[in-house]
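Same order as they appear, the protein sequences are chains A, B and C.
Under the UniProt record's numbering, think of the first position of the first sequence as 1, with each following residue one higher.
Under the UniProt record's numbering, think of the first position of the second sequence as 1, with each following residue one higher.
Under the UniProt record's numbering, think of the first position of the third sequence as 1, with each following residue one higher.
Keep in mind the hints are simulated off the structure, nothing from the lab.
Small disclaimer: the values here were computed from a predicted structure and weren't measured.
All residues carry an ideal CB built from backbone N, CA and C; glycine is no exception.
Honestly, I wouldn't trust all of these hints.
As the list claims (entries may be wrong) - Here are the computed distance ranges between Cβ atoms for each label pair:
id: 1; chain 1: A; residue 1: D204; chain 2: B; residue 2: N100; range: 22 to 28 Å
id: 2; chain 1: A; residue 1: Y177; chain 2: B; residue 2: M97; range: 16 to 22 Å
id: 3; chain 1: A; residue 1: D149; chain 2: B; residue 2: E177; range: 37 to 43 Å
id: 4; chain 1: B; residue 1: K203; chain 2: C; residue 2: D18; range: 57 to 63 Å
As the list claims (entries may be wrong) - Heads up, simulated DSSO-like pairs for lysine-lysine below, C-alpha to C-alpha not over 30 Å straight-line:
id: 5; chain 1: B; residue 1: K96; chain 2: A; residue 2: K164
id: 6; chain 1: B; residue 1: K96; chain 2: A; residue 2: K147
id: 7; chain 1: A; residue 1: K161; chain 2: B; residue 2: K96
id: 8; chain 1: C; residue 1: K235; chain 2: B; residue 2: K41
id: 9; chain 1: B; residue 1: K50; chain 2: C; residue 2: K63
id: 10; chain 1: C; residue 1: K116; chain 2: B; residue 2: K115
id: 11; chain 1: B; residue 1: K115; chain 2: C; residue 2: K213
id: 12; chain 1: B; residue 1: K174; chain 2: C; residue 2: K235
id: 13; chain 1: C; residue 1: K213; chain 2: B; residue 2: K174
id: 14; chain 1: A; residue 1: K161; chain 2: A; residue 2: K60
id: 15; chain 1: B; residue 1: K189; chain 2: C; residue 2: K63
id: 16; chain 1: C; residue 1: K63; chain 2: A; residue 2: K164
id: 17; chain 1: B; residue 1: K96; chain 2: C; residue 2: K97
id: 18; chain 1: C; residue 1: K213; chain 2: B; residue 2: K41
id: 19; chain 1: A; residue 1: K164; chain 2: B; residue 2: K41
id: 20; chain 1: C; residue 1: K49; chain 2: C; residue 2: K29
id: 21; chain 1: C; residue 1: K63; chain 2: B; residue 2: K41
id: 22; chain 1: C; residue 1: K186; chain 2: C; residue 2: K116
id: 23; chain 1: B; residue 1: K247; chain 2: B; residue 2: K41
id: 24; chain 1: C; residue 1: K213; chain 2: C; residue 2: K116
id: 25; chain 1: C; residue 1: K235; chain 2: A; residue 2: K161
id: 26; chain 1: C; residue 1: K63; chain 2: B; residue 2: K247
id: 27; chain 1: C; residue 1: K179; chain 2: B; residue 2: K115
id: 28; chain 1: B; residue 1: K115; chain 2: C; residue 2: K63
id: 29; chain 1: C; residue 1: K246; chain 2: B; residue 2: K174
id: 30; chain 1: C; residue 1: K63; chain 2: B; residue 2: K174
id: 31; chain 1: A; residue 1: K161; chain 2: B; residue 2: K41
id: 32; chain 1: C; residue 1: K97; chain 2: B; residue 2: K115
id: 33; chain 1: B; residue 1: K189; chain 2: B; residue 2: K96
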Amino acid sequence: MDHFPTNWGRPRNDGFDAYGTYPIAQRPYNGLGNDVFSEGVQRTQQPIVTGTSVLAIKYKDGVMMSADNLASYGSLARFKDIQRLHPVGTNTIIGAGGDMSDFQYIQALLDDLMVEEFTEGDGDGHALGPGEIHEYLSQVMYARRSKMDPLWNSLIVGGVKDGKRFLSYVDLLGTTYSASTLATGYGSYIAQPLLRKAVEGNEDNITEEEAVKILEQSMKVLFYRDARSLNKYQIAKITSDGVAISESRSVDTQWSFADGIRGYGAQTQ
Amino acid sequence: MFRNTYDSDNTVFSPQGRLHQVEYALEAVKQGSAAVGLRSKTHSILLALKRSTGELASYQQKMFRIDDHVGIAIAGLTSDARVLSNFMRQQAMSSKMAFNRPVPVNRLVSAIADKAQVNTQEYGRRPYGVGFLVIGQDQSGPHLYEFSPSGNSYEYYAMSIGARSQSAKTYLEKHYESFADCSLEDLIKHGLHALRETLQQDKDLNVNNTSIGIVGAPSVHEKTTNVSFRILEGETIQPFLDTMVPKDAPAAAPAPPASTDEDVQMAE
Amino acid sequence: MTSIGTGYDLSASTYSPDGRIFQVEYANKAVENSGQDLSRSTAIGLRVKDGIILAVEKLVHSKLLIPEANRRIQTLDRHLGLATAGLLADGRQLANKARDESANFRDSFRSPAPVKYIADRLGSYIQVYTLYSSVRPFGISTIIGGVDQDGPSLFVIEPSGVFFGYHGAAVGKGRQLAKTELEKLKLSDLSMRQAVLEAARIIYLVHDDSKEKTFELEMSWVGNDTNGLHVPVPKDLLSEAEQKAKAALEDFE
Chain A
1 MDHFPTNWGR PRNDGFDAYG TYPIAQRPYN GLGNDVFSEG VQRTQQPIVT GTSVLAIKYK
61 DGVMMSADNL ASYGSLARFK DIQRLHPVGT NTIIGAGGDM SDFQYIQALL DDLMVEEFTE
121 GDGDGHALGP GEIHEYLSQV MYARRSKMDP LWNSLIVGGV KDGKRFLSYV DLLGTTYSAS
181 TLATGYGSYI AQPLLRKAVE GNEDNITEEE AVKILEQSMK VLFYRDARSL NKYQIAKITS
241 DGVAISESRS VDTQWSFADG IRGYGAQTQ
Chain B
1 MFRNTYDSDN TVFSPQGRLH QVEYALEAVK QGSAAVGLRS KTHSILLALK RSTGELASYQ
61 QKMFRIDDHV GIAIAGLTSD ARVLSNFMRQ QAMSSKMAFN RPVPVNRLVS AIADKAQVNT
121 QEYGRRPYGV GFLVIGQDQS GPHLYEFSPS GNSYEYYAMS IGARSQSAKT YLEKHYESFA
181 DCSLEDLIKH GLHALRETLQ QDKDLNVNNT SIGIVGAPSV HEKTTNVSFR ILEGETIQPF
241 LDTMVPKDAP AAAPAPPAST DEDVQMAE
Chain C
1 MTSIGTGYDL SASTYSPDGR IFQVEYANKA VENSGQDLSR STAIGLRVKD GIILAVEKLV
61 HSKLLIPEAN RRIQTLDRHL GLATAGLLAD GRQLANKARD ESANFRDSFR SPAPVKYIAD
121 RLGSYIQVYT LYSSVRPFGI STIIGGVDQD GPSLFVIEPS GVFFGYHGAA VGKGRQLAKT
181 ELEKLKLSDL SMRQAVLEAA RIIYLVHDDS KEKTFELEMS WVGNDTNGLH VPVPKDLLSE
241 AEQKAKAALE DFE
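Can you build the whole structure from these sequences, using the hints too?
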């Protein structure tokens, strides 16, 4: 049923997608025909199947990262068992938000790269670490955006090499930056302040258990506030021992009415 | 005109399965003046003998810097060396660009070796007429490689190429086991002694005809804190030349090998 | 009929009156005794129950060479290895081509290339170099081994471009003796570790002490023991195999 009163009593127009159920590019165009450029080269103008936030922090033993298992199709929770944390080599993990098919392409690209390293290097002791992989990805992302054909992702690259922690970000524009806490997507608004408060200046003291707690807490907040998130996520840690990605897990949440909760809304006591 | 039917072209195997053009290219390397390379646990060094065409001419360039961590010494056709060293510089830059990583030395050497192989298999080209000694320092420590026009490359503890290099090689084979724990000064001293073996009887090494290339921490004789590849020439090498044992001091200097100039001749 | 001086042996694009291509035959000679790069060596490959073992007799032409630094067996992909006898530089060129082929297959199908596919592509590539006067044939015999969906497989490619599958393969100078030794083995019953020991023994046996300089044994393997990765045989196993090979050689003599 059409819930928009302004449409009632008018002839039905199946060409108009009143609910925005399709991604913009697939919506029927209701304008007056095509302009002269409509037959021109078409590039990616928006992501289609998307993942939301990735969170990452440095802690005592290395780097920890988390991302949920959801790939959304517009607002539809389309795929609920997608892994968005991807190991590269023995001491690097990349986490991806944004377009999942572009991310799969990036995974293939990195796999080719690792095969090349494996064969040409042939155990010569020059394995690519997180720093090298981040540099490579940033060159790929910047080259693609310069062709006006970006890979629509925000990526976090984390790892440990030669006892040093590495954590850095790169996105569809080729922008990079490093910090001891990183978050992509909605997480950069909601979770980043929480992560900073918990981690900054404390990177060398946070234990593995504490790091897991910090991420759990942030993932929970994100699940409450981000409509494109899922209460099913994974945590990856990278230490000098290598890479470990957890099974999917969830946190306890509370969705009852807020009337009993103190300190919320208009309540004063 | 030709020595045999099978030597005018690099796309022809001889009945014995040899490639004469490639073998002749290896002879071109021996026409160039000698270069010597040595490696210790902490350093790799190059030493080369520069020729001059006359009193009014400058001395030739025998060493090239490829990147902060890599340098080469050449023997043979200098113009071929310039082409190959430009290629090496490009490889070094693209490694920095793509991965922010100094190119691993072994891969750099393999890259030019693979490039040189093509010139031994296809018509209308000639094999490169130059040999390299490549030194470099990377994550796995100091290295020394030899590259030759046949498209082969090998890693060595110490090596010499160029005219009368066999004499230097004989010296190196006698002493190489001590190189690993040498100080930079002792390593250079060994290198100079080896290089001197390639000289004719009446000649000696001096500040004009000798180049020294180094990767690794600086020597006490250097006025630098630089650990990357550098070429020492002119007056700066005098302190190193001073460390050499004079030629005619019989006991301290290693016995010169019997043969002196056999490999200046063409093979066969 | 002798080939020399007839004029029929100067180009790969020329047949002799009796239908031979002498340049390809000379390329085979290069496999056995090429002069300039001291590669008159033997390479063998063993296909056993759950893996492949490659081994080469690597001649050491100078004591200034750094042991183990100059590898002769090459890795083409995670699951593929290649050993050659003949011109070393040609071997490297072919390995690079094989890596391209394997990477292309991976890009097209998102799965590792079957060993036979790579052998087929390389065979075709090598054959092209027997057709024209503007190139010379490859002066190498190649053993390519790996593990794919159908288990381990092993191929030999000759300078003519022809290739066959084998249980046990030998190329290069000592291939006759090596083949005789391989034929004595029950290859399909051997474990990978046993095969490593046998491969080492055969390489030590075929090495001709009187004629050749010293040599280094280089071995790699791929199979169940290596998680399907083509990697060098670990040091401890390698030295165990070398010791047993030396002991067996003394018994033999």
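Quick rundown of the hints versus the structure:
{"no.": "1", "hint": "A:D204 with B:N100: 22 to 28 Å", "verdict": "25 Å, holds"}
{"no.": "2", "hint": "A:Y177 with B:M97: 16 to 22 Å", "verdict": "19 Å, holds"}
{"no.": "3", "hint": "A:D149 with B:E177: 37 to 43 Å", "verdict": "58 Å, violated"}
{"no.": "4", "hint": "B:K203 with C:D18: 57 to 63 Å", "verdict": "59 Å, holds"}
{"no.": "5", "hint": "B:K96 with A:K164", "verdict": "20 Å, holds"}
{"no.": "6", "hint": "B:K96 with A:K147", "verdict": "22 Å, holds"}
{"no.": "7", "hint": "A:K161 with B:K96", "verdict": "18 Å, holds"}
{"no.": "8", "hint": "C:K235 with B:K41", "verdict": "22 Å, holds"}
{"no.": "9", "hint": "B:K50 with C:K63", "verdict": "27 Å, holds"}
{"no.": "10", "hint": "C:K116 with B:K115", "verdict": "28 Å, holds"}
{"no.": "11", "hint": "B:K115 with C:K213", "verdict": "29 Å, holds"}
{"no.": "12", "hint": "B:K174 with C:K235", "verdict": "29 Å, holds"}
{"no.": "13", "hint": "C:K213 with B:K174", "verdict": "18 Å, holds"}
{"no.": "14", "hint": "A:K161 with A:K60", "verdict": "14 Å, holds"}
{"no.": "15", "hint": "B:K189 with C:K63", "verdict": "21 Å, holds"}
{"no.": "16", "hint": "C:K63 with A:K164", "verdict": "39 Å, violated"}
{"no.": "17", "hint": "B:K96 with C:K97", "verdict": "25 Å, holds"}
{"no.": "18", "hint": "C:K213 with B:K41", "verdict": "28 Å, holds"}
{"no.": "19", "hint": "A:K164 with B:K41", "verdict": "25 Å, holds"}
{"no.": "20", "hint": "C:K49 with C:K29", "verdict": "33 Å, violated"}
{"no.": "21", "hint": "C:K63 with B:K41", "verdict": "18 Å, holds"}
{"no.": "22", "hint": "C:K186 with C:K116", "verdict": "23 Å, holds"}
{"no.": "23", "hint": "B:K247 with B:K41", "verdict": "28 Å, holds"}
{"no.": "24", "hint": "C:K213 with C:K116", "verdict": "35 Å, violated"}
{"no.": "25", "hint": "C:K235 with A:K161", "verdict": "25 Å, holds"}
{"no.": "26", "hint": "C:K63 with B:K247", "verdict": "26 Å, holds"}
{"no.": "27", "hint": "C:K179 with B:K115", "verdict": "35 Å, violated"}
{"no.": "28", "hint": "B:K115 with C:K63", "verdict": "27 Å, holds"}
{"no.": "29", "hint": "C:K246 with B:K174", "verdict": "28 Å, holds"}
{"no.": "30", "hint": "C:K63 with B:K174", "verdict": "10 Å, holds"}
{"no.": "31", "hint": "A:K161 with B:K41", "verdict": "23 Å, holds"}
{"no.": "32", "hint": "C:K97 with B:K115", "verdict": "13 Å, holds"}
{"no.": "33", "hint": "B:K189 with B:K96", "verdict": "34 Å, violated"}
In this structure, the hints that do not hold are numbers 3, 16, 20, 24, 27 and 33, in rising order.
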